[in-house]
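Visitor: Assemble the whole structure, with the sequences as input and the hints as a guide.
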Amino acid sequence: MTSLFLLATLAACTDDARDALRPSKTGCYLGSGGEVHLSAEQASNAATIAAVGMRDGMDEHAVAVAITTAMQESELINVNYGHDDSLGLFQQRPSMGWGSEEELMDPVYASFKFYEKLQRTDGWQNMRLAEAAQAVQISAYPELYEQWESDAEVIADAFAGGEEAGLACISGSADAPAADPAALAEAYAYQWGTEVSDVDETRIVIEAGGAAEGWNRAAWAVARAYDHTIASVSFNGMVWTPGEEHWTEPDAEVDGEAQVVEVADSTAVIITFTAPE
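To convert, note that position 143 of the sequence shown is 143 in UniProt numbering; the numbers rise steadily by one, no gaps.
Worth flagging that the hints you see were computed from the coordinates, not collected in a lab. The structure presented is a predicted model; accordingly, all values stated were derived computationally and were not measured. One should not assume that every hint holds.
Here are the simulated EDC-like cross-link-like pairs (lysine to aspartate or glutamate), alpha carbons at most 20 angstroms apart as the crow flies [unchecked claim]:
no.	residue 1	residue 2
1	K117	E101
2	K117	D59
3	K117	E103
4	K117	E131
5	K117	E60
6	K117	D56
7	K117	D106
Guide: Given below as structure tokens:
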């Protein structure tokens, strides 16, 4: 009797009712088909790992190795615990000479140390992702890295490979965000090793030296939207806004004329912020 009642109820549901019953999408989606899902925290940490790698002259393959490693070691969460004295994104150990606890809890420092050892590994450029990860980490379970290889390639493509509109986050705003462009500009300089082109109370401009460079930096900015009350990120005539699953072309009938011209004509990444109340 109950099953018949449920079937009848479901059959009577309108499409709008069914949509209302579905859980809302949250977090960040990477890849042209949104095939990889990360939380806002995971996406932010992945963006940091990629930025440090690019800053230090590493390529997309190196970034994918680092992402593979961090996905296995910490699920891209900057945890302050682990096996023995391991901690941080890569579960590096102070007792093994990786750095102090404070240093290893800094994702920028931890990423730098990972790439530093990767660079000292002979032939890493020609290794599979899992093989290179194991060469750095010397894990007791090397086969576990393999499960993350395909996801890591998609993530590295968005943050270091220049994939067009490769990341969209729809998790909304943090409870108590800091709408401080200067703080984000400082974080950019720390992670990328170079200053933004311009920053004021409402926006940041990052000059891009080409499409790939621009999309890498645009993805980095979107990954930080949750914590910085970012209102939009635009590059190469396309714009992302919080809550949207995809990048879109600006609509002149909706956006202000000045914004449309700026988005459409600029070759820079433009980050705008929600004005404080």
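Visitor: With reference to the structure, classify each hint as holding or not holding.
Guide: Consistency of the hints with the structure:
With a C-alpha separation of about 18 angstroms, the suggested pairing of K117 with E101 holds against the 20 angstroms cut-off. Simply put, K117 and D59 have alpha-carbon atoms about 15 angstroms apart, close enough for the 20 angstroms limit, and the pair holds. Distance restraint check for K117 and E103: the Cα-Cα separation of roughly 16 angstroms lies within the 20 angstroms cut-off, and the hinted pair is therefore satisfied. With a CA separation close to 14 angstroms, the supplied pair K117 and E131 stays within the 20 angstroms bound.
Restraint check for K117 and E60: the C-alpha separation of about 16 angstroms stays at or below 20 angstroms, so the hint holds. Proposed proximity of K117 and D56 is supported: the alpha carbons are some 13 angstroms apart, at most 20 angstroms. Among the hinted pairs, K117 with D106 is consistent with the structure: their alpha-carbon atoms are about 17 angstroms apart, no more than 20 angstroms.
Of the hints listed earlier, there is not a single one the structure fails to meet.
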